[in-house]
Amino acid sequence: MNLATYARRNLWRRKGRTILTILAVAVAVLIFAVIRTVVSAWNAGADQAASDRLATRHKVSITMQLPLNYSTQLREVPGIEASTWATWFGSKDPKERTPFFAGFAADHNTWFEVMDEMQVEPAALEEWKRTPNGAILGDVLARTLEVGVGDKLMITSDIYDGDWEFKVVGIYKPLRRTVDRNSMVFRWDYLNNDPRAEFAHDQIGWMMSRITDSTKSADVSRAIDKIFDEREDQTVTMSERAFQLSFLGAFAAVLTAFDLVSLVILLIMTLILANTIAMSVRERTHEYGILRAVGFRPGHILGFILGESVLLALIGGVVGVLLTLALINGVMGPYIEENMAGFFPYFQAPVVVMLQALGAAVLLGLVAGLFPAYRASSRKVTDALRRID
Amino acid sequence: MSEPSIVTLSGISKTFHRAKEPIHVLDKLDLDVPAGSFEALMGPSGSGKSTLLNIIAGLDRPTSGTVKIAGSDLTNMSDGALAKWRAATIGFVFQSFNLIPVLTAAQNVELPLLLTHLGGGERKKRVAIALKVVGLEDRMHHYPRQLSGGQEQRVAIARAIVNDPKIIVADEPTGDLDRKSADDVLTLLETLNKEQGKTIFMVTHDPAAAERAGVVRKLDKGALQ
Numbered sequence: 010m011n012l013a014t015y016a017r018r019n020l021w022r023r024k025g026r027t028i029l030t031i032l033a034v035a036v037a038v039l040i041f042a043v044i045r046t047v048v049s050a051w052n053a054g055a056d057q058a059a060s061d062r063l064a065t066r067h068k069v070s071i072t073m074q075l076p077l078n079y080s081t082q083l084r085e086v087p088g089i090e091a092s093t094w095a096t097w098f099g100s101k102d103p104k105e106r107t108p109f110f111a112g113f114a115a116d117h118n119t120w121f122e123v124m125d126e127m128q129v130e131p132a133a134l135e136e137w138k139r140t141p142n143g144a145i146l147g148d149v150l151a152r153t154l155e156v157g158v159g160d161k162l163m164i165t166s167d168i169y170d171g172d173w174e175f176k177v178v179g180i181y182k183p184l185r186r187t188v189d190r191n192s193m194v195f196r197w198d199y200l201n202n203d204p205r206a207e208f209a210h211d212q213i214g215w216m217m218s219r220i221t222d223s224t225k226s227a228d229v230s231r232a233i234d235k236i237f238d239e240r241e242d243q244t245v246t247m248s249e250r251a252f253q254l255s256f257l258g259a260f261a262a263v264l265t266a267f268d269l270v271s272l273v274i275l276l277i278m279t280l281i282l283a284n285t286i287a288m289s290v291r292e293r294t295h296e297y298g299i300l301r302a303v304g305f306r307p308g309h310i311l312g313f314i315l316g317e318s319v320l321l322a323l324i325g326g327v328v329g330v331l332l333t334l335a336l337i338n339g340v341m342g343p344y345i346e347e348n349m350a351g352f353f354p355y356f357q358a359p360v361v362v363m364l365q366a367l368g369a370a371v372l373l374g375l376v377a378g379l380f381p382a383y384r385a386s387s388r389k390v391t392d393a394l395r396r397i398d
Numbered sequence: 047m048s049e050p051s052i053v054t055l056s057g058i059s060k061t062f063h064r065a066k067e068p069i070h071v072l073d074k075l076d077l078d079v080p081a082g083s084f085e086a087l088m089g090p091s092g093s094g095k096s097t098l099l100n101i102i103a104g105l106d107r108p109t110s111g112t113v114k115i116a117g118s119d120l121t122n123m124s125d126g127a128l129a130k131w132r133a134a135t136i137g138f139v140f141q142s143f144n145l146i147p148v149l150t151a152a153q154n155v156e157l158p159l160l161l162t163h164l165g166g167g168e169r170k171k172r173v174a175i176a177l178k179v180v181g182l183e184d185r186m187h188h189y190p191r192q193l194s195g196g197q198e199q200r201v202a203i204a205r206a207i208v209n210d211p212k213i214i215v216a217d218e219p220t221g222d223l224d225r226k227s228a229d230d231v232l233t234l235l236e237t238l239n240k241e242q243g244k245t246i247f248m249v250t251h252d253p254a255a256a257e258r259a260g261v262v263r264k265l266d267k268g269a270l271q
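Residue numbers (the working numbering), protein chains in the order written: chain D, 10 to 398; chain V, 47 to 271.
No wet-lab data here; the hints were simulated from the structure.
Any given hint might turn out to be false.
[Unchecked claim] Residues from chain V that face chain D, not an exhaustive set, calculated with beta carbons under 10 Å:
1) A133
2) F138
3) F140
4) N144
5) A152
6) D210
The beta-carbon is built from N, C-alpha and C at its ideal position, and this holds for glycine as well.
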């Protein structure tokens, strides 16, 4: 036996109460971890953005277009290794098998060279270059739309009128887990040559460039924007990370609210734990008096109570983390990646979030035990011995 | 030649305050208890018996006066030093046994030894000896709920003697026991006093228990009669 034996045994004196408290802590940890996973997954695209890629868009808004010839001039900027461009299409499935997916028209000669985390078989790429209405899809989207290579695909747009017919020429393979597997890329010239897109003829949505030295991204960005500074359509160039974050900006308030909710959950967990520990300590006041009488010091009593509180929180935390892993990685993650890949291409519980949840549980276990532990340890021995609940 | 005093109280007074009203529990009390004696303290409820016992055991401090126990002056000892002193010098036997319900008999007896530097093997040896002294070596792995009241009190006595204290203080040790179990406990205390030379200071209401002590003192209204 050692001093920890007593703290450990005390934990199971009221089995029902202990189990309910562990479950309460576990549920709090589960909710905290799910919320943190949502926030983390939301930011994952930006977090994993390539550091050697820059995005250039219209200075006023991403919704405003740039002249096509900007793409040629941009390539002449020193430090640019390769560049490409794309235009947002606003794709919709007329059969409504999916409510929304990302579809965009891109330069078929350069897109997959610059966006190399989307890997396409060389044969498929050659076929794309030969097929004006060729489209390359992510595997999840292809499955949702029930099409394979060689199939025809009818898509509508909320920007361009009518039905648009494509031929699926390939399926891209994601080389990074944050790549959206629910998107479609087709040839920009197919869109540009169609009369229905006359209003945006020879215009592009944004440009992506790979630079030779990622440490000089700020200098290269300034150099790009300087070229177009005196033009009617001025540009703003930023890192790919900043570009992705600008899309998330509108949701910043929601994410902040999520963060606050996760903190409130932890506070509730602390109060539940503190209540349990306070009840246990109250019931054992006389017993702590006995221990003090036989020579245990206030520090020992403090240690017994804090040890019990932390152990309780740790067990609840571990149960919560296991539940989170089962729920997110086993149920939520696969479902969200299949059905909401546009927002969450990768939805799995990050190790860092699990560690945060466990760390928070332990820390708050300590905090929850502090007040009852202080009260019990500072009580006079004779007062404690008189107290029988 | 009489034994030197192991307990020397000089001019002890103790005053509590209840709702700002002072309550004088002990009044300039002097007491000498020779080493190796077995003394019983009797008196009506509220006479100050438990307060006096707590002061001798180093659990409480007098409002005024000096307390010298087993060669140590407790008057100005810090709380931490007092706790250490109690662990080494005093063995406690309480009325309601006060065993820890989640620990076995052996673990309850081992508790005071956890505060020493003894290794696990040596602790186990001492626990076995203490339980043998009280006749419960075959109950060492039983939990308190699996023991009778008399057995629980004997385990409590084993806990009180396991660290070989100089003094055993007993607060109504037979108060919760039937006559037979009470006799067994008193016989055990007598044995510890006679064969191991332990000084025993016992508070009791029970005249039969007091009869077993060598000296019976009476306390009334905070003063020894």
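Could you tell me which of the hints above the structure violates, numbers in ascending order?
The structure conflicts with hint 6 only, although it agrees with all the remaining ones.
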